[in-house]
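**Q** Now for the letters of each chain:
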Amino acid sequence: MTVTQRYRWIYKPLVFAACLVPLAWLACGAFGWFGASLGADPVKELEHECGKTALNLLLLTLAVTPVRELTGQPQLLRLRRMLGLFAFFYVVLHFTIYVVLDLELNFATLGADIAKRPYITIGFGALLLLVPLAVTSTNGMMRRLGRRWQSLHRLVYLIAILGVWHFYWQVKRDVREPLIYAAILAALLGYRVVRARVRRRDAAAPAARAATARTAKLTSTSRSGASLLPSESD
Amino acid sequence: MKVRIPRIAPSEITPEGVYLNRRSLLAGALAMGASSLLRAVETPQAQGAALSYTVNAQYSVKEPPNKFEDIASYNNFYEFGTDKEAPSHNAHSLRTRPWSVSVYGEAEGRGTFDLDDLLKGVSLEERIYRFRCVEAWSMVVPWVGFPLSTLLARFKPTSRAKYVEFTTLYDPHQMPGQRVPVLGWPYVEGLRIDEAMHPLTLMVVGLYGRVLPNQDGAPLRLIVPWKYGFKSIKSIVKIGFTPSQPRTTWSGAAADEYGFFANVNPQVDHPRWSQASERRIGAPFLAARRPTLPFNGYAEQVASLYQGMDLRRYF
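Line order of the protein sequences matches chains D and L.
Using numbering that gives the first Met the number 0, you'd call the opening residue of the first sequence number 0 and step up by one each time.
Using numbering that gives the first Met the number 0, you'd call the opening residue of the second sequence number 0 and step up by one each time.
A few of these clues could be false.
Stated by the list, open to error - Looking from chain D toward chain L, a few residues come up when the C-beta cut is under 7 Å (computed):
#1 Pro65
#2 Glu68
#3 Glu103
#4 Arg172
#5 Asp173
Note that these hints are calculated values from the structure, not bench results.
Just so it is clear, the structure is predicted and the values come from calculations on it, not from any experiment.
C-beta atoms are modelled at their ideal positions from N, C-alpha and C, and glycine is treated no differently.
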């Protein structure tokens, strides 16, 4: 099997199935299958679990680049689009549950919430910003947008910050869990900041590159990653 | 002498939901092996000793009460963890007997009293009250208890007693949530003396005709039905009479979000969410949200306590 075949027939189907596990679990709880339960307030449970799954997948999406660079597995990039689209899927589900099951389609309250409740404003903003990313995730769009595709998709950093902030802000008192998300996000973004600095330094003084083998490896794998984008990231 | 009307407590009848749940419990046991991701149904059952009480229909709402399992598995009792289900899992470590209550401050009858002595000769009554959490969900609960006023009168508060201060047990061994400083322990709540003496204000020892489950604040908790739930302090060990307004826990944690009065008020939003409506726990899908009523529907009885007060300022 070639790498492409392995991804197409094994890894991608596995990741696809794994991304559906939270949904299956919630469905079991909602319908009482296998004795699962969503507790006394199923609406809140569905709403929160979908939101948290979306955040988990968003962080996983952001983890793809560091992991592939640090492990020297550039092909991992092929899984990123699926993770990102599933994050979008769970965000939409989270929002739909909030509007339909929680607010019970009271659109006046929805408007007031978005306008007046900062944590809902930023959460809604993150959802809106994800739409263009989902729309431009196809190969055709990647080709059409060329270099602009990458600039556009850098929005995901802002989206992730808004998402974690949205989580932090709606917690009543015990902020330990959102702080864990914030710490992971900080590490993932911090990695990129450090990498950009290393690259800039290397560009300024090419001789320094030879001095640190690890840096050189990082740079080369991420460069090959960039060239993967339009053709091999299916 | 009060006539006790014997009756079958609602908790003695196995509700259909529980009966049906047994089947899903079996299915759950089978599924447990299949996937550790699935949470088995762990609905707490009414197990406490049956209490003898009268039904106070005058002070009971006509709405259908929530299921026992909901009331005993969906709790904000941070002393046992901050998740709603955590208290029902963790509160078994609380020892509710022997239990003593210390009375201090501006009263003649100060001292430390054994709870069973305090409860001797008290006539218990069942009252079905609305319960509105500051988080914008609500329930209807059949509490068993007695008016706080009858208890406070026994301690003979002096004219300097303007407020009553309540304190929850502090014991991180029994209350593992207290090992984490999410709130300033011990939990303290307070009422103005006229609020405390109001006939709706209840000292609760039971639920659904039986001794109160630990996760609901056993052995002794307060219920002030026109205020947000956090005012209704649980597992009380101290009652003090004070000349000035007590420093209460939530108000101390975030004064802009939780006021001392905390009267249910659809006009005054929590800074981060609306209080105009609430979701009734246990209500059917798409029919659970309802408008929040001023003073949680008890305005007729209690609004006069706040005449002339700016309820936006004193929220």
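**Q** Have a go at the D:Asp173 hint: is there a Cβ in chain L nearer than 7 Å to its own Cβ?
**A** holds, 4 Å
**Q** Taking the closest Cβ pair, is D:Arg172 under 7 Å from chain L?
**A** holds, 5 Å
**Q** Holds or violated: is the Cβ of D:Glu103 closer than 7 Å to a Cβ in chain L?
**A** Holds: closest Cβ of chain L sits about 5 Å from D:Glu103, inside 7 Å.
**Q** When the nearest CB of chain L is found for D:Pro65, is that gap smaller than 7 Å?
**A** Not OK, violated: D:Pro65 not within 7 Å of chain L, min 27 Å.
**Q** With chain L as the partner, please determine if D:Glu68 meets the hint condition of a C-beta pair closer than 7 Å.
**A** Hint on D:Glu68: violated, closest Cβ of chain L at ~31 Å, above 7 Å.
In summary, the structure is inconsistent with hints 1 and 2 from the numbered list given earlier, while agreeing with the others.
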